[in-house]
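Protein chains: 2
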Amino acid sequence: MERIKRTERIVAIMRVFTSNPCRLITLGEFVDMFGCAKSTLSEDIAHIKSSLLKMGMGTLETVNGTNGGLRFLPFNSDESDRLIMESVCEELKKNERILPGGYLYTTDMFSNPKITQAMGEIFAKHFYARKPDVVVTVESMGVPIASMTAKALGIPMVTARHNIKASEGSTVTINYVSASSNRMQSMSLSRRLLHRGERALIIDDFMKGGGTAKGIADLLSEFDAEIVGTGVIIATEEPKKKLVDDFYQLMTLYNVDTDNKIVDIKSRI
Amino acid sequence: MERIKRTERIVAIMRVFTSNPCRLITLGEFVDMFGCAKSTLSEDIAHIKSSLLKMGMGTLETVNGTNGGLRFLPFNSDESDRLIMESVCEELKKNERILPGGYLYTTDMFSNPKITQAMGEIFAKHFYARKPDVVVTVESMGVPIASMTAKALGIPMVTARHNIKASEGSTVTINYVSASSNRMQSMSLSRRLLHRGERALIIDDFMKGGGTAKGIADLLSEFDAEIVGTGVIIATEEPKKKLVDDFYQLMTLYNVDTDNKIVDIKSRI
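Those protein sequences? They're chains R and W, same order as listed. Sequential numbering of the first sequence, starting at 67, is according to the working numbering. Sequential numbering of the second sequence, starting at 67, is according to the working numbering.
The shape of chain R in the complex, shown without the other chains:
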C-alpha cells in the first residue's frame, strides 16, 4: 500500500467520524484502513481531538478497555447553538408566517435539512448522556427533525403512524386527544420496530397541551420501552400545565397576535 501522509489520514478519519456520529469506532478499523501503526494513529487522533476542542466543533470521546475505541460527538459550542436558534427565531417572527386562525407557518423551516440537522444536533447534545437506543416520533411533521436527531445520535428512528398500512406488519394502536386539533386520533406502531426495554427518546416538532407526546408515551408503555426524554422544537407557553411533565424545548411560542401581526417566540437555548 502506498504510504499515506498524516494530513491525508486526518482527512479520511474526519470523513469517517462525521459520517458516523456517536458510533464507537476502534483504532483497529483505522489500522485496517491505512495499514499504519496504532501509535501513529494515536497521534493523529490527538491532533483531531485538540483541534475540535479549540474550534468548538465537536468532541472526540475515548472509550478505554478491550471493547474501547473513539466516538465523535457532533455537538457544537453552546454559543454556536444559541446563534443558530436565534436566527431561526428571527425567521419565524416574520409576519407573513401568520396564518388564518393564528397558526404559525413553520413547514418550510422544519423540513429544511440544514435547519433540522442543526436542531437535531442540539437535541442530541442534550439527550446523549441519557443513552437512548431509539428516537420515536409520530408522522408527519416530526419525522425530519427526529430523523436528524437519530442520525446525530447514531441510533435508529421509529415513526408511529395515523394510518396503518399492510406493509407495517402487526401493529399496536392507541387513541389519544391532540390539543392542537382537539379531536380523538389514533396512532400505531409496528410491533417489530421496538424491542422490550429499549430506551426511547421522543422527538416532535410542536407541543401545545402535550396530548401527542402523552400518546407516544402510552404507546411506548405497550412495548415496555423506557422513556429517557422528550424534546420538541416549539412548545407553546399556554397551557402552562402540559400532559407531560418533563420535556426539553428549543423555543417557546408565547403568542401569535393576528391583529397586530406579531409573533412572540423566544429561543430557550
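Note that these hints are calculated values from the structure, not bench results. From a predicted model like this one, the values you see are computed outputs, not experimental measurements. Be aware that one or more of the hints could be misleading.
As the list makes no split between identical chains, a pair holds if one copy fits it or if it spans any two.
[To be verified] Straight line, CA to CA, 20 Å or less: simulated SDA-like cross-link-like pairs of lysine to any residue: (1) Lys115 <-> Val82; (2) Lys231 <-> Ser252; (3) Lys274 <-> Ser233; (4) Lys180 <-> Asn86; (5) Lys306 <-> Val322; (6) Lys115 <-> Ser85; (7) Lys180 <-> Phe272.
Using the hints, position chain W against chain R.
Okay, now just chain W, sitting in the frame of chain R:
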C-alpha cells in the same frame, strides 16, 4: 488569534465541508475562520482534495470566478455504494420480512438514518449533475430517504401530504390512484413551499405502478416546477410499464414468494 496548525485547520475544514455537503463555500470563509493567508489555505485544500480522491470518500469541486469557491460532494466510490446496496439486499431477503399478502417489511431499514444517509448519498451522486433546487416526496415512508437525499445535495425538501392541516396555509390538492393500495387518494402541497420554475427531484421509497410518482408530477405541474428526475429505493419488476417513464431505482423487487418464503430482490447499483 493563536496560530493554528495545518492539521488543526484540516480537521476544522473537513468538519465544515461534511456538515455542508454540496454547498459552495468561499476560501474567504475559511480565511475569516483561521486568520491565515489564502495561499496557505489553498495548500490545505489541495491536501484534502487528493486525500478524498485517493480514499474514494468524496470529491472537492473547485468553482472558479468571483463567485467561486469549493463544494464538497459526499459521493463515495461506486464500489463502496455497491457493497452497501448488496448488504441492504441481503438483509431484505431474510424470510422473516415476508408479511401476509406478500408485502415486504422494510420500515425499520428505510427509517434507519445510517441506511437512509447512505442511500441518500447514492441518489445525490446520481442526480447532482441535473442541478435540482428541491427534493419532493409524499408522506410518510418517503420522508426519511428524501430528507437525507436533500441533505446530501444541500437543498430543501418538501413533502406532499394526504391530510391537510391548518398550519400548512393554502394548499394545492390533486387526486391520484396508487397501484399499491389500488384506491383513489389525494395529496396536497402547501402553496408557499415551491416557487415557480423550481427544479424538482422526486424521491420515494417504493414504486409499483408509478401512480404515486405520477401524482407528485401532476402536483408539481400545478406549481410550474420542472421535474429533473425521479428516484425510488425499490421498484417492482411488474408491471413493467409504469406510469412514469424515466426513473432511477436502487433495487428491483422481482417476487415475494410467500409459499416458499423467498424474497427475490436485486441491487441495481
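Quiz item: Which of the listed hints are not met by the structure?
Solution: none
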